[in-house]
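Protein chains: 2
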Amino acid sequence: MDTPNIDRIAQMGVRFSSAYVQSPVCGASRMSFYTGRYVHSHGAAWNNFPLKVGEITLGDHMRDLGVQSWLVGKTHMKVDQKGMDRLGLSSQSVIGARVSECGFDVFERDDGLWAQGPDGFYDARRSPYNEYLKSKGYAGENPWHDYANSGVEDDNTVASGWFMKHADKPANIREEDSETPYMTGKAIEFMDKMKADGGEPWLCHLSYIKPHWPYIVPEPYHNMYGHNAVQPVIRDDSERDNPHPVYGAYMDNAIGKAFSRDEVREKVIPAYMGLIKQCDDQIGRLLDYMGKTGRIDDTMIVITSDHGDYLGDHWLGEKDLFHEQSVKVPMIIYDPCDAADQTRGTVCDALVESIDLVATFIETKGGTSPEHIVEGRSLLPFLHGAASDNWREFVVSEYDYSATPAAVKLGVAPRDARLFMIADKNWKFMHAEGGFRPMLFDLINDPQELTDLGADAAYANTISFMYQRLAQWTRRMAQRTTISDDEIIASRGKSARRGVLLGVYDEADAEDELTVKYRGKAQGRSVAPG
Amino acid sequence: MDTPNIDRIAQMGVRFSSAYVQSPVCGASRMSFYTGRYVHSHGAAWNNFPLKVGEITLGDHMRDLGVQSWLVGKTHMKVDQKGMDRLGLSSQSVIGARVSECGFDVFERDDGLWAQGPDGFYDARRSPYNEYLKSKGYAGENPWHDYANSGVEDDNTVASGWFMKHADKPANIREEDSETPYMTGKAIEFMDKMKADGGEPWLCHLSYIKPHWPYIVPEPYHNMYGHNAVQPVIRDDSERDNPHPVYGAYMDNAIGKAFSRDEVREKVIPAYMGLIKQCDDQIGRLLDYMGKTGRIDDTMIVITSDHGDYLGDHWLGEKDLFHEQSVKVPMIIYDPCDAADQTRGTVCDALVESIDLVATFIETKGGTSPEHIVEGRSLLPFLHGAASDNWREFVVSEYDYSATPAAVKLGVAPRDARLFMIADKNWKFMHAEGGFRPMLFDLINDPQELTDLGADAAYANTISFMYQRLAQWTRRMAQRTTISDDEIIASRGKSARRGVLLGVYDEADAEDELTVKYRGKAQGRSVAPG
Chain R
25 MDTPNIDRIA QMGVRFSSAY VQSPVCGASR MSFYTGRYVH SHGAAWNNFP LKVGEITLGD
85 HMRDLGVQSW LVGKTHMKVD QKGMDRLGLS SQSVIGARVS ECGFDVFERD DGLWAQGPDG
145 FYDARRSPYN EYLKSKGYAG ENPWHDYANS GVEDDNTVAS GWFMKHADKP ANIREEDSET
205 PYMTGKAIEF MDKMKADGGE PWLCHLSYIK PHWPYIVPEP YHNMYGHNAV QPVIRDDSER
265 DNPHPVYGAY MDNAIGKAFS RDEVREKVIP AYMGLIKQCD DQIGRLLDYM GKTGRIDDTM
325 IVITSDHGDY LGDHWLGEKD LFHEQSVKVP MIIYDPCDAA DQTRGTVCDA LVESIDLVAT
385 FIETKGGTSP EHIVEGRSLL PFLHGAASDN WREFVVSEYD YSATPAAVKL GVAPRDARLF
445 MIADKNWKFM HAEGGFRPML FDLINDPQEL TDLGADAAYA NTISFMYQRL AQWTRRMAQR
505 TTISDDEIIA SRGKSARRGV LLGVYDEADA EDELTVKYRG KAQGRSVAPG
Chain B
25 MDTPNIDRIA QMGVRFSSAY VQSPVCGASR MSFYTGRYVH SHGAAWNNFP LKVGEITLGD
85 HMRDLGVQSW LVGKTHMKVD QKGMDRLGLS SQSVIGARVS ECGFDVFERD DGLWAQGPDG
145 FYDARRSPYN EYLKSKGYAG ENPWHDYANS GVEDDNTVAS GWFMKHADKP ANIREEDSET
205 PYMTGKAIEF MDKMKADGGE PWLCHLSYIK PHWPYIVPEP YHNMYGHNAV QPVIRDDSER
265 DNPHPVYGAY MDNAIGKAFS RDEVREKVIP AYMGLIKQCD DQIGRLLDYM GKTGRIDDTM
325 IVITSDHGDY LGDHWLGEKD LFHEQSVKVP MIIYDPCDAA DQTRGTVCDA LVESIDLVAT
385 FIETKGGTSP EHIVEGRSLL PFLHGAASDN WREFVVSEYD YSATPAAVKL GVAPRDARLF
445 MIADKNWKFM HAEGGFRPML FDLINDPQEL TDLGADAAYA NTISFMYQRL AQWTRRMAQR
505 TTISDDEIIA SRGKSARRGV LLGVYDEADA EDELTVKYRG KAQGRSVAPG
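Going down the list, the protein sequences come from chains R and B.
Count along the first sequence starting at 1, add 24, and that's the number in our numbering.
Count along the second sequence starting at 1, add 24, and that's the number in our numbering.
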């Protein structure tokens with residue numbers, strides 16, 4: 025695909041070609057982006073699993089450095105209402121509102137998931153985007169569905185974008201009113217307002233919903249790509265032969281089955297490409313605005329995603345598992361400072377995790393990433409051409425399928441419906457709780473991940489090695505977040521000077537100062553009353 | 025030792041003979057008692073490492089069941105001030121005060137650690153006990169030290185209890201004013217007040233500091249036990265021959281060296297026994313009061329400790345490591361209800377952890393322990409004579425020595441100064457982060473734990489098996505605390521009825537209801553504005 029604007033950022037910055045998300049599902053992945061912590065650490069393991077009140081976020085770290093953190097778009101964050109109630113926090117207060125929005129101040133929160141059914145809307149919030157559409161004359165209760173995410177049937181009725189057969193129709197909306205241009209406009213409004221209000225410096229999380237289901241895009245993007253533009257599918261019949269049970273369950277679900285049909289891929293992928301192209305154009309609009317206003321010279325820009333999409337590869341749709349299509353994401357970072365001049369336009373293949381961004385932003389603003397809280401590592405050395413010593417040797421991703429039909433089908437208890445991925449450049453390993461065998465791919469000899477070696481006795485040593493890495497990782501110190509290493513070191517030996525005198529039999533074992541003044545002698549006679 | 029009152033409770037209840045603390049150090053152990061969670065989960069891994077604001081405590085669980093939870097004595101809890109500030113919580117508010125006191129309402133907080141040195145008091149709070157002593161006429165700034173924890177020299181000056189040579193002297197205080205009777209009186213006052221104020225039902229954490237350093241006890245307890253009452257020391261010269269480095273560092277510290285001297289043991293242990301005897305007498309006083317007021321008939325009583333004490337065994341003093349002397353604790357539970365009649369006076373040797381108490385208390389009050397938060401398991405089945413299926417196969421304990429001289433001596437970074445114990449009835453295993461070999465004891469053939477098999481190649485399989493258990497445990501789901509398994513199960517399939525329609529190519533793939541009403545057809549023509 026031709027994406028000249030995203031490419032422009034890549035030319036200005038560094039493209040990280042081995043960037044992985046901490047979980048291939050929106051909510052959990054985002055909570056890792058926003059906390060800089062693994063899912064196993066923050067616990068918000070799936071969509072709408074609330075993020076604990078106590079988790080410290082990017083917004084907290086940035087505010088400590090004098091930077092306001094703002095949201096424009098989607099977070100898929102669900103508030104920990106029980107945690108809020110326990111601490112008497114109201115979402116109407118400034119602090120409570122931030123805790124309710126994973127640390128961001130909200131310029132515009134719109135997750136773009138305005139599905140509606142017999143039980144109501146999937147997202148019970150107000151929809152600023154639906155309000156916008158109504159204000160522009162789009163009719164009905166849910167123009168997000170009826171216009172932005174639907175086409176028109178020949179008889180002029182709504183051709184719902186939920187039906188993938190409609191993916192090749194143009195969405196029945198003016199292009200400028202569709203989701204990506206709308207949210208880009210909000211980002212521009214945001215920057216204008218921050219400038220006018222003295223709200224700089226800021227961090228802006230501009231979070232597009234698209235590309236995402238429903239798969240449909242307005243003119244002219246709907247027919248820019250024909251089905252002949254669709255890349256060959258990456259899958260093999262052998263993958264369906266005795267697959268890992270969890271993988272098998274996902275191939276067997278409605279999404280996997282649908283995306284295994286050529287007609288689905290041939291309809292959806294061109295629309296998906298159109299949605300990407302539209303994003304690229306809107307990023308161009310944003311860059312032009314930032315160029316005109318000078319922001320391009322003092323703003324770090326990061327382009328990334330919360331997960332990928334199988335789109336039929338490996339007999340799967342959407343995300344959820346750990347093939348590269350799902351767990352690997354684009355990550356491009358443009359750093360305007362002089363130190364980054366030497367790396368502009370380069371590609372870095374270091375193993376990067378989404379949690380690295382929090383650390384990167386902290387260090388960009390001159391802070392020191394608190395390693396006892398933030399588990400990611402700053403990418404600044406890579407941006408500034410410095411080798412980063414002792415860089416991580418493997419990346420970790422997790423998936424919690426406890427709320428999905430796969431858990432039911434496999435008869436797995438909610439606490440066992442969890443997957444862990446450990447990957448480096450050579451191997452990708454997946455452990456599944458609940459008594460299943462692992463999965464293993466040889467990324468050198470099988471870069472398309474078509475042959476699962478997890479049941480192959482010849483790879484027992486590799487599997488054992490990956491299990492050791494997983495154990496090393498799960499033992500990590502992830503919860504000692506209330507005291508830093510430096511504070512611990514500074515605390516050493518302090519109790520002696522506050523009078524705790526242990527292992528002392530007599531004066532010969534003790535320091536004089538402590539002995540004389542605090543052990544009574546100097547206080548003279550000691551006569552107990554009564 | 026003759027402890028008729030503790031024995032009385034054992035006769036009324038069940039004695040758990042294999043009870044372990046989650047960490048053999050006061051603060052970390054207590055935070056596990058108070059949260060029902062492992063140290064690796066709550067992160068307050070050592071004394072004065074603050075407990076995170078977000079951690080849910082026994083007090084929270086009990087309040088949900090209509091039971092107020094009160095503190096009378098020690099917690100060794102340090103407030104997470106940064107976490108409080110982040111959420112705008114004041115310790116002056118009811119909620120903030122509870123968060124500051126690990127979930128308890130405070131009837132009396134007194135940690136009993138009023139050491140004082142050139143940098144001030146070890147504990148910067150006000151000391152209700154010191155205030156009491158002053159009100160009773162005990163002189164000076166710190167009568168806790170000068171009277172309650174010191175004897176008198178021949179020349180009538182203070183014989184500081186910090187010097188273990190004085191352990192055989194009587195503490196220079198009226199027995200009724202010493203720490204254990206004082207706090208017992210507070211517990212009685214507490215029960216009186218709750219009755220008068222309608223504060224029942226309550227949970228009371230009566231937390232004695234003694235037996236504890238400074239090792240000294242008032243008359244008549246100071247000479248109840250002679251040095252001939254001291255049990256033979258459990259140690260062997262071979263333990264000092266090429267020990268595990270962490271064990272070696274602890275043998276080498278001032279405490280280990282002191283308690284390896286016979287004169288120290290012979291002075292300290294009789295005082296320690298006197299302190300236990302005094303506790304037993306005070307428990308008798310409490311039981312008598314509870315008998316007279318009827319509380320004995322409706323109050324569950326638990327006797328336990330936050331850790332043990334080596335007192336010279338294994339060439340060590342105090343606690344910190346995982347020999348039975350340190351990590352195993354007394355645990356006796358008396359349950360007044362009829363269902364417990366069949367088990368009164370029995371001993372249960374199931375592997376019990378301190379975190380089990382939170383779950384036990386919740387279920388005693390008719391609640392269901394929230395397994396997504398509380399990691400311990402209710403002991404009620406054992407109290408009520410029901411076999412508990414699938415009981416745990418091993419116990420876990422941890423120790424964080426990052427703040428101690430051992431970390432300096434061994435050159436271990438703060439995040440690597442961590443130990444994990446896995447034990448069952450047959451084996452005790454210890455993993456040390458930082459590149460050290462493990463330790464291993466054969467509890468069947470070496471119940472005194474004198475021979476460390478951790479470097480013995482003949483035990484590689486056992487060590488590997490224990491590492492697997494450790495890995496299984498560290499992978500556990502400990503942070504998904506904002507949503508229960510039941511809530512997850514109930515959430516399944518809900519998004520479809522809120523309109524999320526995935527993997528649907530055309531109407532043939534979708535349910536009719538969803539298709540007709542929410543996919544546009546029924547809404548008639550769809551004409552986008554201008």
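There may be inaccurate statements among the hints.
It does not matter which identical chain is meant; a pair holds if it fits inside one copy or across any two.
[Stated by the list, open to error] Calculated cross-link-like contacts (lysine-lysine; reagent style DSBU-like; alpha-carbon spacing at most 35 Å):
1. Lys389 x Lys102
2. Lys189 x Lys316
3. Lys160 x Lys210
4. Lys106 x Lys210
5. Lys518 x Lys210
6. Lys389 x Lys106
7. Lys102 x Lys518
8. Lys102 x Lys433
9. Lys449 x Lys210
10. Lys433 x Lys316
11. Lys189 x Lys281
12. Lys433 x Lys160
13. Lys219 x Lys433
14. Lys281 x Lys106
15. Lys518 x Lys189
16. Lys189 x Lys160
17. Lys301 x Lys160
18. Lys106 x Lys518
19. Lys518 x Lys301
20. Lys158 x Lys518
21. Lys433 x Lys518
Simulated from the structure, these hints should not be mistaken for laboratory data.
As the structure is a prediction and not an experimental result, all values here were calculated from the model.
- request: Please write out, lowest number first, the hints stated earlier that are contradicted by the structure.
  value: Of the numbered hints, 2, 9, 10, 12, 13 and 14 do not hold.
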